[in-house]
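Following the hints, put chain B in place on chain A, whose structure we already have.
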Amino acid sequence: MSSCAKKMIRVFLLCFLYSGCGSLGIGNETADRVFTEANRLVSEGDLRRAEEKFLWIIRSMPRNPRSYNNLGNLYFKKGEIDKAGMQYRKALELNSGYLIARVNLAVILLKQGKTEDALQMLQEGLKPYPENAELQNGLGICELRRGNIQKAIQHFRKAIDIQGPNPLFYNNLAYAYAESNDFLNEALKLCKDALKAEPQNGIVLDTLGWVYFKRGIFDQSTEYLRKALDLKPGENAVRSHLVTVYRWIGENEKAMSLIKEGSRIPGQGMP
Amino acid sequence: MTRKEMRKERKPLLDWKMIRIPRVLVRVFVIFILILVLAVSFPIFLKKEGGRFPFLVKIGSFFGLQASPEKKQDEPDSNVMDVYFARLVYVKGDVNVKSQKELKFQKAEKDQILREGDTIRTYSGGYAEVLFDEGNKLTIKPDSLVVIHDMKENRLTKIRKSSINLLQSDVEAVVRRPKIEGSEFVIVTPTALAKISEAKVAVQVSKEQESKLKVFSGAVDVKVGGESMEVVRNQSVDISKEKKIREIKDLPAPPKLGSPENLAEFFFKNLSEMKMVLKWDDSLSGVTYRIQVALDPYFTDLVIVRTGLSEKGVVVQGLKSGIYYWRVSSITSEGNEGDFSDYSVFKITIDQTPPDIVLDDLLLLKVSGKVNAQISGQTEPDAAVTINDVPVLPDKTGRFKYVLSQISSDTEITIVAVDRVGNRKIVKKTVQNP
Chain A
1 MSSCAKKMIR
11 VFLLCFLYSG
21 CGSLGIGNET
31 ADRVFTEANR
41 LVSEGDLRRA
51 EEKFLWIIRS
61 MPRNPRSYNN
71 LGNLYFKKGE
81 IDKAGMQYRK
91 ALELNSGYLI
101 ARVNLAVILL
111 KQGKTEDALQ
121 MLQEGLKPYP
131 ENAELQNGLG
141 ICELRRGNIQ
151 KAIQHFRKAI
161 DIQGPNPLFY
171 NNLAYAYAES
181 NDFLNEALKL
191 CKDALKAEPQ
201 NGIVLDTLGW
211 VYFKRGIFDQ
221 STEYLRKALD
231 LKPGENAVRS
241 HLVTVYRWIG
251 ENEKAMSLIK
261 EGSRIPGQGM
271 P
Chain B
1 MTRKEMRKER
11 KPLLDWKMIR
21 IPRVLVRVFV
31 IFILILVLAV
41 SFPIFLKKEG
51 GRFPFLVKIG
61 SFFGLQASPE
71 KKQDEPDSNV
81 MDVYFARLVY
91 VKGDVNVKSQ
101 KELKFQKAEK
111 DQILREGDTI
121 RTYSGGYAEV
131 LFDEGNKLTI
141 KPDSLVVIHD
151 MKENRLTKIR
161 KSSINLLQSD
171 VEAVVRRPKI
181 EGSEFVIVTP
191 TALAKISEAK
201 VAVQVSKEQE
211 SKLKVFSGAV
221 DVKVGGESME
231 VVRNQSVDIS
241 KEKKIREIKD
251 LPAPPKLGSP
261 ENLAEFFFKN
271 LSEMKMVLKW
281 DDSLSGVTYR
291 IQVALDPYFT
301 DLVIVRTGLS
311 EKGVVVQGLK
321 SGIYYWRVSS
331 ITSEGNEGDF
341 SDYSVFKITI
351 DQTPPDIVLD
361 DLLLLKVSGK
371 VNAQISGQTE
381 PDAAVTINDV
391 PVLPDKTGRF
401 KYVLSQISSD
411 TEITIVAVDR
421 VGNRKIVKKT
431 VQNP
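Those protein sequence lines, which keep their order, are chains A and B. Numbering-wise, the numbering used here puts 232 at position 232 of the first sequence, and it's gapless, one number per residue. Numbering-wise, the numbering used here puts 364 at position 364 of the second sequence, and it's gapless, one number per residue.
If we strip away everything but chain A, and leave its shape as in the complex, we get (with noise of 0.2 Å):
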């Protein structure tokens, strides 16, 4: 073989490497499909064969960022925290720069109650892009868990300031109002916003309920707190509020029925 022969074959063989693709012979498009069909069957509730996918897609394509973060969304949403945890990782090892697994991630560093790495995953994303409200809003929850409302507070501001209206900035700025026991009628007011966008979510009921408490509106916040839980019995946080409108007000025995059911659910302690 002529030496101009080989380094053809050489170059040819180096393009189809490079295209991280060429072991098996998958191409983009096929890969697009089977990546779409992986997040639909998310959607549906096939997670064990949107799982396959997913891992069938990294074996082909190993350096592509996005894959992992879609498998981590997968194990989240099947409780396997620490799994997702990795994937997360895995994205975020592959382009530092890829926001959303770093908000997953430190969602994720959030539920395992290591506050101060999801803050620090937070603001590393920050440096290079101030700008970016789901960051700001990772960052108010890191805050409100530390304790540092008022801090909280601002991220959530900015978070709205630079996206606008979304139900879940307002709802987590209305409980920060809330927690600071301040700006209480605009809480109510963000709450009710976020209920219009989103009648069915428990989070926002939950928050209504408990701004409600805070005004010392007690028929109101239990009515919410009870929807709230209705929709997450599994909610820990959900039925520690309601435990504490019905001690309030003096409604022990429904209290105390509330903690005999939770501790009844696995995995729920007292609230």
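A couple of the hints might just be wrong.
Using 20 Å as the maximum straight-line C-alpha spacing, the simulated SDA-like pairs for lysine to any residue come out as follows [stated by the list, open to error]:
| # | chain 1 | residue 1 | chain 2 | residue 2 |
| --- | --- | --- | --- | --- |
| 1 | A | Lys260 | B | Ser376 |
| 2 | B | Lys101 | B | Arg87 |
| 3 | A | Lys196 | B | Arg87 |
| 4 | B | Lys320 | B | Pro354 |
| 5 | A | Lys196 | A | Gly147 |
| 6 | A | Lys77 | A | Ile265 |
| 7 | A | Lys189 | B | Arg177 |
| 8 | A | Lys196 | B | Tyr84 |
| 9 | A | Lys78 | A | Gly97 |
| 10 | B | Lys241 | B | Glu208 |
| 11 | A | Lys260 | B | Asp360 |
| 12 | A | Lys196 | B | Asn372 |
| 13 | B | Lys429 | B | Asn372 |
| 14 | A | Lys227 | A | Phe183 |
| 15 | B | Lys347 | A | Phe218 |
| 16 | B | Lys396 | A | Lys227 |
| 17 | B | Lys137 | A | Lys77 |
So, partial list: chain B residues that the calculated Cβ filter (under 10 Å) puts toward chain A [said to hold, decoys possible]:
| # | residue |
| --- | --- |
| 18 | Lys320 |
| 19 | Ser321 |
| 20 | Ile323 |
If you're looking for bench data, these hints aren't it; they were derived computationally from the structure. We put the beta carbon where it would ideally sit given N, CA and C, even for glycine.
Okay, now just chain B, sitting in the frame of chain A:
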């Protein structure tokens, strides 16, 4: 055999000549179908840009048919208004409502829908709160007569116009920033018209038809006679019955509540012991304060009202067990009262009942020949528990558990629970034959 011959050979399945339909019947049927097609297609064709099928229009007009009066889609009538509704979200005491079509007032109900032309009347001690569709709130105080004049939304621009007419009245309105620019909330009194786009205002109309408008936040355009002016935050304007502006006054800003913090709980053993201090902050000097303590967040059930307070705090005594709401306003030396502060909530518990102690069955555990006893039970949340003088920490629900080691026959166990105000309960139990 040729193909033609073969075809001729084939016998038809049905000989059509066998069925004879009268010619007249066929004609009638064809005409009927034609009329049906025309009737269906005519209005559809006409709608399409009106002139695409002019011949059909002519035919239609010849037969006396006209195009439907429906408007073209891209040219909606800018004057078409949709009516929306308001709701009575709070009613207390004597409150009546009269709809435009009725002659008599009817008793108002909570969550009652209010429409254009409805009149709301509150009598002495009567309060009502009206929530408009766009989130604006109108609080109607006792002895008021309010007419909902307009509640319209422009179908094209979505601009909303709400207006209420006040006769002798005392109302407060909180108007939110409109979602659509140009929307407005108008309050009309016998002597003035106030256009509000985002503000908190209080309006009083006296028996003598004099009006007083206070602006606590935002700004309001006020028209009096031919004169127009803007009244801004913490300003008040008095308008005479002759439709003349008497004067514009500055109002003091509301104080900020200090202690107790919102949702604080206080426990007392006796009503005579009940004593607490309510404090607030204010940067103004030379003002006095009015404090209100009520049993409801609308401040309709007032239990304490004190005015002329020069200190930024007041001692409150003799409140029974219950939930209380309190707020403060500042009053200038000229007697101009500003808006009330935001309210805060506190709870008083007069507790003379000792905490209950419910013990579980005693659990005896033998460890290396010695007997230990596990005592567990339930008491009031937050009660302090001791077992044989050893403090035991109950959980949030009041459950406690303690292991008493090396007990012998006839060992006496004394469980004491003391609640927050010092009520004490003692339960004794003797262990027999461990």
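Each hint tested on the structure:
At most 20 Å may separate the alpha-carbon atoms for a hinted pair to count; A/Lys260 and B/Ser376 meet this at roughly 17 Å. The hinted pair formed by B/Lys101 and B/Arg87 meets the criterion: a straight-line CA distance of about 18 Å does not exceed 20 Å. Using a Cα cut-off of 20 Å, the hinted pair A/Lys196 and B/Arg87 holds, with the two alpha carbons roughly 17 Å apart. Of the supplied pair hints, the one linking B/Lys320 and B/Pro354 holds, its CA atoms being roughly 18 Å apart against a limit of 20 Å.
For a cut-off of 20 Å, the pair hint linking A/Lys196 to A/Gly147 is broken: about 29 Å separates their Cα positions. Proposed proximity of A/Lys77 and A/Ile265 is supported: the alpha carbons are some 19 Å apart, at most 20 Å. A C-alpha spacing of about 11 Å is found between A/Lys189 and B/Arg177, which places the hinted pair at or below 20 Å, so the restraint holds. Among the hinted pairs, A/Lys196 with B/Tyr84 is consistent with the structure: their alpha-carbon atoms are about 17 Å apart, no more than 20 Å.
As the CA atoms of A/Lys78 and A/Gly97 are separated by approximately 26 Å, the hinted pair breaks the 20 Å bound. Pair hint B/Lys241 plus B/Glu208 holds up; C-alpha atoms about 7 Å apart against a cutoff of 20 Å. Between A/Lys260 and B/Asp360 the alpha-carbon distance is near 17 Å, which keeps this suggested pair within the 20 Å criterion. With a C-alpha separation of about 60 Å, the suggested pairing of A/Lys196 with B/Asn372 is violated against the 20 Å cut-off.
Simply put, B/Lys429 and B/Asn372 have alpha-carbon atoms about 15 Å apart, close enough for the 20 Å limit, and the pair holds. At roughly 24 Å between alpha-carbon atoms, A/Lys227 and A/Phe183 are farther apart than 20 Å, so this suggested pair is violated. Restraint check: the Cα-Cα separation between B/Lys347 and A/Phe218 comes to about 13 Å, which is no more than 20 Å; the hinted pair holds. Under the criterion of a C-alpha separation no larger than 20 Å, the hint pairing B/Lys396 with A/Lys227 is inconsistent with the structure, at around 25 Å.
With a CA separation close to 42 Å, the supplied pair B/Lys137 and A/Lys77 exceeds the 20 Å bound. Because the smallest distance between the Cβ of B/Lys320 and any Cβ of chain A comes to about 14 Å, over 10 Å, the interface hint for this residue is violated. Taken as an interface hint, B/Ser321 checks out: its beta carbon lies about 9 Å from the nearest beta carbon of chain A, inside 10 Å. With 10 Å as the threshold, the beta carbon of B/Ile323 comes within range of chain A, its nearest partner Cβ sitting at about 7 Å, so the hint holds.
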